[in-house]
Amino acid sequence: MSNIMDRLQSLGIVLPAASEPAARYTNYALAGDLLFISGKGPSGKPKGKLGIDYTTEEGYRYARLAGLEVLAVLAEALGSLNRVRRVVKIQGFVNASPDFEEHHKVLNGCSDLMLDVFGEHGLHARSVLGASSLRDHLPVIIDSVFEIVLD
Amino acid sequence: MSNIMDRLQSLGIVLPAASEPAARYTNYALAGDLLFISGKGPSGKPKGKLGIDYTTEEGYRYARLAGLEVLAVLAEALGSLNRVRRVVKIQGFVNASPDFEEHHKVLNGCSDLMLDVFGEHGLHARSVLGASSLRDHLPVIIDSVFEIVLD
Amino acid sequence: MSNIMDRLQSLGIVLPAASEPAARYTNYALAGDLLFISGKGPSGKPKGKLGIDYTTEEGYRYARLAGLEVLAVLAEALGSLNRVRRVVKIQGFVNASPDFEEHHKVLNGCSDLMLDVFGEHGLHARSVLGASSLRDHLPVIIDSVFEIVLD
Chain A
1 MSNIMDRLQS LGIVLPAASE PAARYTNYAL AGDLLFISGK GPSGKPKGKL GIDYTTEEGY
61 RYARLAGLEV LAVLAEALGS LNRVRRVVKI QGFVNASPDF EEHHKVLNGC SDLMLDVFGE
121 HGLHARSVLG ASSLRDHLPV IIDSVFEIVL D
Chain B
1 MSNIMDRLQS LGIVLPAASE PAARYTNYAL AGDLLFISGK GPSGKPKGKL GIDYTTEEGY
61 RYARLAGLEV LAVLAEALGS LNRVRRVVKI QGFVNASPDF EEHHKVLNGC SDLMLDVFGE
121 HGLHARSVLG ASSLRDHLPV IIDSVFEIVL D
Chain C
1 MSNIMDRLQS LGIVLPAASE PAARYTNYAL AGDLLFISGK GPSGKPKGKL GIDYTTEEGY
61 RYARLAGLEV LAVLAEALGS LNRVRRVVKI QGFVNASPDF EEHHKVLNGC SDLMLDVFGE
121 HGLHARSVLG ASSLRDHLPV IIDSVFEIVL D
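Here the protein sequences come in this chain order: A, B and C.
Reminder that position 116 of the first sequence reads as 116 in our numbering, one-by-one numbering, no gaps.
Reminder that position 107 of the second sequence reads as 107 in our numbering, one-by-one numbering, no gaps.
Reminder that position 123 of the third sequence reads as 123 in our numbering, one-by-one numbering, no gaps.
All the pointers check out, no bait thrown in.
Heads up, simulated DSS-like pairs for lysine-lysine below, C-alpha to C-alpha not over 27 Å straight-line:
1) B:K45 x B:K105
2) C:K105 x C:K45
3) A:K47 x C:K105
4) C:K45 x B:K105
5) B:K105 x C:K47
6) A:K45 x A:K105
7) B:K45 x A:K105
8) B:K105 x B:K47
9) C:K105 x A:K45
10) A:K105 x A:K47
11) B:K47 x A:K105
12) C:K47 x C:K105
Note that these hints are calculated values from the structure, not bench results.
Work out the full structure: start from the sequences and follow the hints.
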């Protein structure tokens with residue numbers, strides 16, 4: 001894998017500091033070489049639902065922002081994103097109205113980010129669903145699992 | 001394990017070709033001997049909610065059809081279903097009204113299929129929830145993890 | 001790790017017998033040293049939604065009760081909770097109204113239990129979402145993954 005930190009720079013991506021967990025838990029847990037990352041929402045405290053308050057395009061951007069928060073946790077956990085062997089699994093929770101049907105297009109914001117950053121190692125299994133509501137009225141939360149290179 | 005492809009035949013099950021991912025991601029990702037399968041819905045593009053548009057019995061059949069799509073991905077990923085060591089985990093997302101309460105009976109359509117096909121190796125941990133909405137108005141999506149025999 | 005069964009006693013926690021699976025599946029599935037536990041709700045068959053029928057504080061208590069059901073399954077699966085190496089991942093499904101926004105505070109009921117019981121080994125990655133509905137109108141379901149010490 002090419003140097004991921006260089007790739008971030010060439011993409012114009014500046015990672016935020018990892019946000020604090022919203023409650024009494026940790027940002028990540030390692031089991032073997034699988035790193036489980038806690039659910040992360042976009043920065044900036046946006047509040048609203050897809051299908052009511054936000055368009056699919058806005059949702060896409062929020063999913064990308066949530067993905068950046070995931071990358072920030074990864075960087076904190078691993079020291080370097082170069083230790084990511086592959087993105088394994090992403091679940092997207094989309095705060096959505098009962099008639100919304102473009103959840104997959106929203107989640108693409110996060111999937112595209114992973115492919116941009118990790119190339120073929122960014123390809124992942126994923127699923128997405130509409131949530132009746134999310135903490136702090138966030139529009140989207142990303143739950144994720146990564147395979148990493150152990151020290 | 002007996003030959004699973006023979007068992008499929010005796011059950012009268014003909015696997016569909018694996019459907020294309022609905023967006024920019026892959027159908028599956030392997031980490032160690034865990035195979036993570038992307039969320040799959042039933043074939044035929046059904047649209048509707050449990051508790052409004054579909055009965056629990058119809059939901060059961062859609063969950064079984066979604067399970068067939070999962071098996072199709074497995075067969076494509078592994079070459080043969082004989083390489084499945086066990087079904088580990090199934091999550092069911094049921095597109096459901098706020099007062100629906102038979103999500104577990106819907107998910108049984110998928111669980112029963114796994115037991116039919118894999119016998120005792122088909123026993124799995126699982127969970128199920130009601131989604132406010134799902135992509136393309138699908139009635140159910142199955143998210144799954146399998147343990148496989150590595151080459 | 002200190003003796004967990006002693007710690008349970010000092011916390012005044014008496015584990016219930018593991019509840020039967022609500023449908024055709026098992027309470028847990030082991031893959032390598034990861035133990036996947038099926039979704040568990042609180043005992044007592046409470047029915048209702050956060051944001052409508054229950055306060056956040058009531059939800060917190062239900063999440064703790066659901067966590068006790070998870071521990072009961074763990075004890076049954078492992079013989080002793082001393083074989084838990086760490087709590088890896090918790091997902092909380094909160095039966096919630098469209099405008100509820102304290103899902104994380106509800107899930108703390110389960111997270112705090114894990115920290116009370118397992119100490120630093122109880123720290124876990126987690127995520128939480130609002131479900132439009134849950135089986136049997138349960139207020140909360142906990143889905144979980146543990147790393148265990150193999151025999």
